[in-house]
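Quick note, the sequences are listed as chains A and B, same order. Numbered according to our numbering, the first sequence spans residues 1 to 298. Numbered according to our numbering, the second sequence spans residues 1 to 493.
Keep in mind the hints are simulated off the structure, nothing from the lab. These figures come from a predicted structure and were not determined experimentally. The beta-carbon is built from N, C-alpha and C at its ideal position, and this holds for glycine as well.
Calculated pairs, BS3-like style, for lysine-lysine (alpha carbon to alpha carbon, straight line, at most 30 Å):
1. B:LYS268 with A:LYS215
2. A:LYS53 with B:LYS449
3. A:LYS215 with B:LYS256
4. A:LYS89 with A:LYS126
5. A:LYS259 with B:LYS161
6. B:LYS152 with A:LYS259
7. A:LYS126 with B:LYS449
Partial list, derived from the structure: chain A residues whose beta carbon lies under 7 Å from chain B:
8. ALA133
9. PRO136
10. VAL137
11. ALA138
12. SER145
13. LYS246
14. ASP247
15. ASN252
16. ARG255
17. ILE281
18. THR283
19. THR284
20. TRP285
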Amino acid sequence: MSISSSRLEILKTYKVYIGGQFPRTESGRYYIASNKKGVALANVCLCSRKDFKDSVVAARNAFAGWSSRAAFNRGQILYRIAEMLEGRKAQFVEELTKQDLTKAAAIAEVESCIDRLIYYSGWCDKFQQIFSAVNPVASSHFNFSVPEPMGVVAAVAPQNTSLLGLVSLIAPIIAGGNTIIILGSTQMPLSAITFAEVLHSSDLPGGVVNILTGKVSELLPYFAEHMDVNAVAFCEPDNAAQQLLKDKAAMNMKRVIIKDDMKWSTATAQSPYMIMDFQEIKTTWHPIENIGGAKAGY
Amino acid sequence: MSKAIKKNTIQLKFDSARVYEPAIESKSAAKIKPVYDLFINGKFEKPLSKKYFNTINPASEEILSSVAMAGKADVNKAVLAARNAYERTWKKMPAAERAKYIYRIARMIQEKAREFAIIETLDGGKPIRESRDFDVPTAANHFFYYAGWADKLEYAFPNRKAMPLGVAGQIIPWNFPLLMAAWKIAPALATGNTVVLKPAETTPLTALKLAEIIQEADLPPGVVNIITGAGDTGANIVNHADINKIAFTGSTAVGKIIQRAIAGTNKKATLELGGKAANIIFDDAPLDQAVEGIINGIFFNQGHVCCAGSRLYVQESVYEQVIQKLKDRMETLIVGNPMDKNTDVGAINSREQLATIQRYIKLGNQEGAEMYQSACALPKKGFFCKPTIFTNVAQSNRIAQEEIFGPVLAIQSFRTDDEVIEKANNTAFGLSAGIWTDKGSKIFNLTSKMRAGVVWANTYNKFDPTSPFGGYKESGYGREGGLHGLFPYVKLV
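Just chain A, same shape as in the assembly:
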């Protein structure tokens, strides 16, 4: 009998990701994530309102720095996230198969995530040019409109995937300069937290992405109510939840972005319009001096 065969395996503790750190939920609560056969996979944090509030503080603190980074730099960081994910592909495939995916499906999902990150990495310094405008106003003014990030986005990841939906939502939101608090899939939470480890090793500043696990029904009202959140994103075709979200979001006129008709595994789920869903448009005016008779008529 070899020594290694008797070695006890180290089990991973799935903690959450807030402000670039991996704390446990402050509530001390947990739930058991299990696969369809009922096999327990891990004890997962059942996050509370306080965890969410802490995440909003972290996201707000990170916003000024992240939104003012060069777009090129944001693109590089998204590319780096893809690189890190590529390097840990095997780990994610294994984790996804634990969560009931076939090996082929797991490989396809991880590869889609990597490609999607690369896709949005490229958009970081391009969508502004597509969606900006120099406006030909009739008066003597220089006038232009540019997209700017909305700010802090609270999102619920698509619940039917462990990784792909989460990545498909995080990427366009941070590519556009927002910071985000995202609740992973309740049923399949493992890869959300493992993805946090990827983010953590990708030069992404702490607080730009904050990942929580827990119950949608418990946290959704807090997402919608928090007065320092600028936008909420929700992807389930659940009318009651959507109504609750839109209703409470009115408290501070949060933007409500509903993506309940997406096929996350197809190319239709990625576009610069996904980035624009989380952008404001700012218009700037400045007079043009118009004195004397000098004309650029040469």
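Use these hints to put chain B onto chain A, whose structure you have.
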């Protein structure tokens, strides 16, 4: 050792009798009917509610006309007309033809510009100079601009096809009645939607005049329906099950009610709500121009402007100088009869709004701010308010936090760029901001850090059909004007 300051500017003498002879615009150049019905399905129809209400001239309190009060059954009728027009006519019409109808409306507004300006001023109280030179031409231009988009939408949305949403319910405010109607109707029609529009209770007349033009332009019946009424009429539009899109301009309080009302539906919304814009004067700014900008920012249209520069921040080193110049300039403002072409500040739109403004003025005094009002005489009749500024204002004062929607300015000083950025953004609103400095890099630092949808640098209160307008935060969402103003009216497939 004191050194005499060289005086090389001409000193204005405000105590000398510089009186302008009145130059009153003629009422007779405009035709106002004694009674207006609802414009539904291309015809003026008596309201099923059988009710009417009066609209008055706020400068004289005289009754101008009696207008129909649309009840629920009338709203249903208007929405049905819009739905039928959408399904049967408008969405099928070649886009280039749609464009030509919108061009017609633009041209007819231009033809009747003087009449529109007179009615706008009589019904709303704004100076005729502003109706004539700003509201009416800008409204016509807005139709002209969006007309041209109708058959060019495939160039606006790369890699997507733009489909109309259906029937748009549009509710507009009383501060720029015709212009807001243009901002709402023009992009909706250009993108293939049909419209039910409700003008504000106190200023329905130019929208009804626009209805006459729409009739004259032979627009297919039901494509634009204009129904008058008050808050209940608006609520009936918002809650109507067959409306696909709500576009609202008005207060943040009502905007929140609308968002809640449509929370359980798939209605899309554009909300253009209140503001409390910071107008920031740095010590290197051209101060005389900046003072003009302050005046224009807060006293344009009696301060009934959602993007009014109602919070003034002046850098400490020029504070005394700017305040003195501002006070001097305020004394030259001509306040009074809106129909006088010399008038700068006209009548407050309604008795209710005047009461609101007066309540805030009282509050400002109670909060310990120092008030200064120009020494002008106000007309005996009608609703008027003296141009008013408050100094010694604290950031937490209600007059510095809440939208007053009148000619009342809250002034604070600041020392550093970072300080003023913090202060300017320390508000629930985010519609607009103003920045005055001679230094280009400082302009771009400030404009990029303002959390506001429209930023004017070394200018203020400028608008153009090609230029997107709309807010951040609690000032609402969606843009009106320009290419970006098309997005709220389309579904991209």
